Structures are given as structure tokens and as C-alpha cells.
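Produce the entire structure from the sequences given, and follow the hints as far as they go.
Protein chains in written order, with numbering that gives the first Met the number 0: chain A, 0 to 447; chain B, 0 to 588.
Be aware that a few hints might be false.
Said to hold, decoys possible - Cross-link-like lysine-lysine pairs, in silico, BS3-like; alpha carbons within 30 Å at most:
hint: 1; chain 1: A; residue 1: K259; chain 2: B; residue 2: K407
hint: 2; chain 1: A; residue 1: K272; chain 2: B; residue 2: K36
hint: 3; chain 1: A; residue 1: K417; chain 2: B; residue 2: K422
hint: 4; chain 1: B; residue 1: K3; chain 2: A; residue 2: K43
hint: 5; chain 1: A; residue 1: K71; chain 2: B; residue 2: K3
hint: 6; chain 1: B; residue 1: K548; chain 2: A; residue 2: K370
hint: 7; chain 1: A; residue 1: K228; chain 2: A; residue 2: K272
hint: 8; chain 1: B; residue 1: K470; chain 2: B; residue 2: K536
hint: 9; chain 1: A; residue 1: K228; chain 2: B; residue 2: K102
hint: 10; chain 1: B; residue 1: K102; chain 2: A; residue 2: K272
hint: 11; chain 1: A; residue 1: K325; chain 2: A; residue 2: K272
hint: 12; chain 1: B; residue 1: K422; chain 2: A; residue 2: K436
hint: 13; chain 1: B; residue 1: K470; chain 2: B; residue 2: K581
hint: 14; chain 1: A; residue 1: K368; chain 2: A; residue 2: K436
hint: 15; chain 1: A; residue 1: K325; chain 2: B; residue 2: K36
hint: 16; chain 1: A; residue 1: K344; chain 2: A; residue 2: K382
hint: 17; chain 1: B; residue 1: K3; chain 2: A; residue 2: K368
hint: 18; chain 1: B; residue 1: K518; chain 2: B; residue 2: K209
Simulated from the structure, these hints should not be mistaken for laboratory data. No experiment lies behind these values; they were computed from the predicted model shown.
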Amino acid sequence: MAKAFQKIYTKITQITKATCSLKATNVGYDELATVDGRLAQVVKIIDDVITLQIFGGTEGIPTNAEVIFLGKAPSLKVSDQLAGRFFDALGNPIDGGSVPEGEEREIGGPSVNPVRRAQPSQLIATGIAGIDLNNTLVSGQKIPFFADPDQPFNEVMATVALRAKADKIILGAMGMTNDDYLFYKNVFSNAGALDRIISFVNTTENPPVERLLVPDMALTAAEYFAVDKNENVLVLLTDMTSYADALAIVSNRMDQIPSKDSMPGSLYSDLAKIYEKAVQFPEGGSITIIAVTTLSGGDITHAVPDNTGYITEGQLFLRTDTDIGKVIVDPFRSLSRLKQLVQGKVTREDHPQVMNAAVRLYSDAANAKTKMENGFDLTDYDKRTLDFAKEYSEHLLAIDVNLDTTEMLDTTWELFSKHFRPEEVNMRADMIEEYWKSEEKVEAEPQG
Amino acid sequence: MSTKGIVKGIIANLVIVEVDGPVSQNEIAYIVLDDTKLMAEVIKVIGKSAYVQVFESTRGLAVNAEVEFVGHMLEVVLGPGLLERNLDGLQNDLDKMDGVFLKRGQYTFPLNEEKLWQFKPLAKIGDKVSAGSWLGEVDENFQPHKIMLPFKMEGEYTVKSIAEEGEYNIYHIVAVVEDKDGNEIELNMIQRWPVKQPITFFKNKPRPYKLLETGVRIIDTLNPIVEGGTGFIPGAFGTGKTVLQHAISKQAESDIVIIAACGERANEVVEIFTEFPELEDPHTGRKLMERTIIIANTSNMPVAAREASVYTAMTIGEYYRAMGLKVLLMADSTSRWAQALREMSNRLEELPGPDGFPMDLSSIISNFYSRAGHVILNNDEAGSITFIGTVSPAGGNLKEPVTENTKKVARCFYALEQDRADKKRYPAVNPIDSYSKYLEYPEFEEYIKNQISDDWIDMINEAKLYLLRGKEIAEQINILGDDGVPVEYHVSYWKSELIDFVVLQQDAFDAIDAVTPMKRQEYILNMITDICRSDFKFDSFNKVADYFKDVINICRQMNYSEFKSDKFDDYHKQLDDLLETKAVSNNTK
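This is the structure we're talking about:
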């Protein structure tokens, strides 16, 4: 696609808020150009009329602006020199360092052939029981936090990232406030982890359309480390709702008919292209994506969280538990779809049953609570579930808990035997026999 | 002379081509880009402009690129060796592709061209044959794969010669037939067929009636599907659509399983790739993969090929049905296919229908579902395609176009419910909203009477009534409180919970509980019905809950135990003892 010479065009025929059009020949689809020095990309070709999307916006672009086609799609130079560096959405260093050298790769490249993938099977331990116990993460997984803007998702994500023992952590920040960006920078540098972090940052101070490049930049870097270097890479994408908003802006400027919630009709495919880069390779390398999708008023039926939910392998919800006054990982709405690949296999055999029983009892407690709030008398069982729920929240679900999975399981068994009879937990008899915590082993036999 | 053209416009994967000759709607074209060719399909023609949807990324494509039209619609290759293949939506063999990443413009042949097949002639010299007639048979993974007179050959032919029993590859001439004008035609083992046209070379399509056992109790017992039937599973994300679909495809009693992973997660396909070659077919003891074909167009693969993928899967299904085999076709998810239609309709600037979907969505869906069915072939053998599609309704709202239009045509409805999923009551199929129209078929009733028992359907309806009653009582208790309703209400409520916990809920990850054969389902339903028909006496509602929790616990332990093993019988004895303490009727005490 490289061209022998670069022709300069100076006659723009149409300008909108995000795009401009001009007559030019020999231009490829998706090709980059500069318009008055600003980076732009070809989004439509009809005969010799080329429409360009200008990442920095079109404010102040004159009709006689210099347009130069670069003869290539957006790309990133990949090498080990990327490690420890901070870049903007276009891949330019923002940490004052030099431009890293390396092989130039087009971003947004092709998908992995599904038969060349391996089944994810490595546990990612985070120490947070709401995740490890109930919604275990697996390398090669893609999972978002569905969170309201006021919830501490950045803190939880930074904790998860640092505890996850990844070879590289790549932060793709879209529409992040400068304060949050500095938070991540501080946390990573305080942890002494900067040399394994790579960041592509678009803050609220940068043009919104530039954000569209951030996930592809981050994932091109991730693919280099996972494929070429067989490393385990963790990619953090925050906030994907800002990304979708940028998509909506562009599709609106291009006069496309909007679909649900003013989002483009291709939203599902656009998001899937990003999330599906999560992969486990048979050679050992992997890309795990943990993202944030901010919700408006907890509404998960909005097009962005809804489409995301169908693509990702589960979702994590944070919630403040008023009984204990702490933020917990919500056991009802959170789900990790890949958990059964490691639960009871990498972790102890009783893991799946313990998890289900505990959540079921926690749900009984929620019912009891409703009963109480409606002014009805509580049964003895109801009261015991409420006690259980409080301790379960405090000792396990709270995000400040840091245990390994075996400790989590033991703690849950202790809570079971403290509050319930063996037949009330509805588990397989052999599990009860093996793990029930009591002086004398209680037989799961009916009373007369 | 085939038509050629040059590219005049590019908007994402919609390309406008100026053509120099005739083109037909849905004709396949190849766009030349550097040293590769990108496959595309004509979706609209205006004057000399053909609008084509490209099945690949158009990055780097420029105007004036050359385009070649091939003169036919999207076709699949049909012949022995499709089983065990992992194909993409355009029938490329994924295993034959080089490299970790899918390369643009790489097309691979779906069959093994060298493999020798053990051929056995079925037709004799002088036989009159027509499209779909069985000429011979090869053994494909222990399935009798029929070599048929190609579906494209119209009229009647006479067999002039037929190969002797022996080992041949797919290109070997296995038969020579003569048309009515005396022209001889040589036939090998493969043929081609356009995916958008149904293969209809059969005598008739009677109403289906034979139960298709899936081993999933909430389906087989409560809302059974039949061989040649259609069903759909709508459910918001996280309600267990895929787990349920995988369970059905693993366990259902069919000869061939075709899984169309349409716009869904790649890791789910990997799960099938990884597990199926290891899993044993519960019916034959052979490896599951041997009778499975996977058509994978995952969500990150080209959108335009997504639509093609379901048609590719259906056409391959129809091919195996024409051999007199029982095919189970699963598509996950048909919503993604509808979305692909929407994206393209949007780019074509068509006036949108409800929710932006194309206006003809309803007819597209009903045409597709109508290709399933139980058929009697021209030689009086029977074959079937059972089709189960999942639907991913936006926001979990069942009042959206894909769900509504599917509901009009699919005969079984398995509604996955968020509330049940949240409570970990899996499979989260809502027992009250879901239905199977086959329960109303007299043909089915007759069949079930012979196969199971005279009162089976009555028992199912009775169980559904207990569930409905239980739901009503639960609502009353919510309003009036536990002591605001009579104790008998609690007993009724707990009977419905008993059915829920023991019959409906099933642990897909437990080796024994995951699959329940029909004999065992019969046993369980009989046992539970007996308990439900008994009267119990309690003096307070607290005792009802405690008692039934014990009953449920024992029944669940039975579900986890090998059928009729000592352990199982032991639990049964415990159950009988426990029942004797409280039941006041239906008991010999």
C-alpha cells in the first residue's frame, strides 16, 4: 500500500463537525491522512470523493487545508521498548520519552482463528472473595465492571490488576478524568510495577473521537506480548461507555440511522471486535480484558451494557451493603461465565457447591429482609439467614477482604455450620461429610 | 463470458461496483485487492451499479479495483467428510488455514481430497433415478453417508454404470447416468448447492411426533421437543442459554449434530472444540465429535458472513436429512444474524422497520424455521432436522422483533428467566411461560402412550398446575404474610417447590445429574406426583417448610446418585420413611 510519492490536496469540498470530504484518487479504505496536521482516517469513498474522519475534530479547519494521505492504516511500532511507557490515543509518547522503535503493525488487525485458541484454564487470583469465590476469573477472559460513576471501580480494578500477577498490564483509558489517570499512575508506581505497565491515555481533555483508537492501540500492544513473547497480558479498558459515545458521535455525523439509545446499529460488532481480542493461546500467552462500563442510574438495559453483556464472559457489579457499610461485589448480579473451568478443578473440589449454596442462602436472606420490611414475622430460619448474610458480607464479599480461595471456602463452611443444619444447605452428602465444620460429623439424615 | 466490474465506492463492507454485464441478486463476486481476492455477495442492483456486501475487511481497498462475478449464488460443497469439521460461515475449513490470525482472502476446501472412503453401491444398472436418489453409500464415522444424484439435476435419469464396492476418494467417478436424450453424465461423490434455497427432494413432510430425548428434564418431561420439531430459547445474558444449548447438543438422541455459532463468543466455540472430541456420545459410546459439525462465525469474524453461516448450517443439515438421518441443528444466536441484516439494511439506507430491523425480518425468520422438519423421502425412508435457535433479546425484553417473530414460527418456547438465574435455579427455564405445542398433537399423544404411559400427559399437566398454584400462593404469602394464609397453602406451595427442586432444576456440571434418560425421568415424575397427590397434616407453617426441605434434600441426593444403585435405593427408603411420618392419605399406614 505504500506509495511512491505523496500528493498534497488543498480543496476540501465539505466539512462537518467530525468529517471533511475532498476529491482525491488512489486512496485506500481505512487509510490515514493528515488534514492541516491533524490525523484523519478514510471512512467513505464514492468515486473520487473521499470522506475523512478527523480525530481531533474539525474546529478551525479551512477549506484550503493541506491534506496528505499517508498510504497506511493506523499503526503502532511494537517492541519491548513499549514497557513502562505512556502514550496518547495516537501512539505518541506523553511521558517525555522518545518514540519507541520496533516493527510497525496495523492496529485493529484480523481475528484469531478460533481453532488456534486454547480453552482458558488458568485461575486469576485477586484475593477478593466476591470475585475469586463467586465469580472466579480465568486468563483469556473478558469481563467488565458494570458500575455507576460514583462507585470505586477504578480502585477495585487497580487492586485486581496488581494482584493478578500478569507479565504486562496495559491500560487503555478513554475519556478518563485527569485525576483518575494520575491515580492509576500513582498506584502503579507506588507498587513498583511501572516497568510492566503500558498506558494509552485519552483523557477528558483530549478530543473524544481520538478515543476510538485507544482499544485497538492497547490490544495491538497486547497481541505483541501475548503472541510474540508468550506473555500473560492483562488489558484494562476504562471506560467503554465513553468509547461507545464516541462511536455514536461519528455515526451521527455520517448520517447513519441510529439504533437503540442513539447508538449505531453496528454497536454489537464494534464492541465484539475489541472484547474478542481476549484469548488464551496454546503456547501459553494470553490476553485478559477487564473493562469498565459505566451505567446511568444502574440501567443495564441500555444499549451499551446490554450489548456488552452478550459479548463479555460475565460482568461484575459493585454495591454498597448497608448492613456492614462496605462496598461488596454483588453476588446476585455478578457472573463469571468461565468460572466452571477452574472452580473445583484448579481450586478445591467443594468450590462450586459451596458457592451455589452460599448464594442461595444469601438470596433467602434477601427474601427474609423483604418480609421484615413489610412488617411480617420472621421464622427462625429467616433470622438465621439474616445473621448468615451479614457475616458472609463482612468476612467474604467486602472488597477489602484479601484471602486465598481455600481460606474463603473454609470461612464459608464455618458460617454454614454456625447458622444452619446440614440438610438446609442443600448440598451433596459426600461434601457435607467431608467439610462440615462441627465437633462430631453430622449425618445428613432426616429427623423423625 | 462472466461479468466483470470495477469498484466505484466503499462504505465499510458495502462496496458499489460498476458492472459490464448481467448480474443476479445474491450472486457471488470476488474483488481483487493486491494479491488476494475478497469474496462478496450482490445485495442490490441499480442500473449499472451492483451493491455488494464483502465478507471480509475492506481496509486498503481503493476505487477502480477489479471485480469478477462467478455466475452463481453462495454455494456449499456437499460430500463425505463434513463430519468432525470446524468450518467458518462460508464453509472454509478453519483447521486448514495457516497462522494464528485469520488471513483475509484465504479460502480453504471443506473436504479431505485424498481420503479414501469405503464405497458400497446401492443403485443398480438400469435403475431410474432423480435428484436425491441414493446411488451408493460410504461409511462416514459410522454414519451411512449416502451418495445421491445431485440435487441440481432435474428430471429422470437411468443408471448406466456404478462403481463396485471399494475404496475411492471424493473425486472418483462412482456412477454414470444417462438423461432422456441419451447424454451420459459422470458423477463423483460431491455436489454443490446454493445455501439460500431449501433442499426439497422428498415425498412429503408430515407433522412430527417422535419425542427427541435431550436428557434435560425441564424439556423432556415438561415441554418436550420432537424429531423434526422447532424450538427457541430466548434469554437475557447470564441466564444460561449457551449452557442449555450445549447440554442439548451433547445429549440429544440424534445421528448428526450441527452447531452454528453465529456471532457469539469465540471461547464458547473453543469449549466445543476442546470438549466434544473428549466427550462420549451417551447413546453410542463413541466420541461426540465424530457426529458433529461446527460452523463458527464468532462475533469478531466478518459480519456479512454471519448471515451466511446459518444458511450454510441448514443446507448441510438438509443434505444429511436426505440420507434418512436425524439431524439436530442448533443456532446460537439468531439475534446476531438479525443484527447483521440490520447493519446491512442500514448501510443500504433502507427505511427501517421496528427497532431498525429490516421490514422483511419476519418472513426471513419464518422461511428459515420452515426448512426444519420431519420428512418422508422418495424411497419412503424418514429423516428429520430438529432446529433449536437461541434469541438474545435486547435488555432481556421479550417484546422485541426477533423474539416476537420467532415466537410465531417455533413450536417450542423455552423462556429463560432472569429471576430464576439470579436464584441459581438452573436451567433457568420458566416452567409456566414456556410451552411445547407438540403436547397438543394427537400424533404425539399416541406416541407417548405407547412409549411411556397412558397418563403421562395428564401427569405433566398436573405438575404444571401444581407449579402455577405454587406461584400464586407465593404471591399471596408475599402480600399477606406466612400466617396470613392457611397452612394447607404452605403445603401446596412446598409441593411446587418440590417439583421445582427435584424435576426442574438440574446440575449441568454434575456427571450423573446432567443427563437424565427418559426411563429415569418417568421414575422421578411418578415419585414426585405420588408425593404431590398425598395429603399432609401440619399444625404450623414453620413445620411445613422444614419437613419439605428434608424431602427435597433426599430427592436431590437421589438425583446425584446412580439410578437404582444401592445408594439410590437407600435414599429412597429414607424418603419413604420420612413420608410415612406425615402423609395422611395415599399411604398404606
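Taking the hints in turn, this is what the structure says about them:
At roughly 23 Å between alpha-carbon atoms, A/K259 and B/K407 fall within 30 Å of each other, so this suggested pair holds. Taking the CA atoms of A/K272 and B/K36, the gap is about 23 Å. The hint holds against a cut of 30 Å. A distance of roughly 23 Å separates the Cα atoms of A/K417 and B/K422; the hinted pair therefore holds under the 30 Å criterion. About 23 Å separates the Cα atoms of B/K3 and A/K43, which keeps this hinted pair within 30 Å; it holds.
Using a Cα cut-off of 30 Å, the hinted pair A/K71 and B/K3 holds, with the two alpha carbons roughly 28 Å apart. Distance check on the hinted pair: B/K548 and A/K370 sit about 20 Å apart at the alpha-carbon level, within 30 Å; holds. Under the criterion of a C-alpha separation no larger than 30 Å, the hint pairing A/K228 with A/K272 is consistent with the structure, at around 23 Å. Restraint check for B/K470 and B/K536: satisfied, since their Cα atoms lie roughly 21 Å apart, inside the 30 Å limit.
Simply put, A/K228 and B/K102 have alpha-carbon atoms about 21 Å apart, close enough for the 30 Å limit, and the pair holds. Taken as a hint, the B/K102 and A/K272 pair is honoured in the structure, with Cα atoms around 16 Å apart against an allowance of 30 Å. Restraint check for A/K325 and A/K272: the C-alpha separation of about 36 Å exceeds 30 Å, so the hint is violated. This hinted pair checks out: B/K422 and A/K436 have alpha carbons roughly 25 Å apart, not beyond 30 Å.
Among the hinted pairs, B/K470 with B/K581 is consistent with the structure: their alpha-carbon atoms are about 24 Å apart, no more than 30 Å. A distance of roughly 27 Å separates the Cα atoms of A/K368 and A/K436; the hinted pair therefore holds under the 30 Å criterion. The hinted pair formed by A/K325 and B/K36 fails the criterion: a straight-line CA distance of about 58 Å is larger than 30 Å. Under the criterion of a C-alpha separation no larger than 30 Å, the hint pairing A/K344 with A/K382 is inconsistent with the structure, at around 34 Å.
With a C-alpha separation of about 72 Å, the suggested pair B/K3 and A/K368 falls outside the 30 Å cut-off, and the hint is violated. Among the hinted pairs, B/K518 with B/K209 is consistent with the structure: their alpha-carbon atoms are about 16 Å apart, no more than 30 Å.
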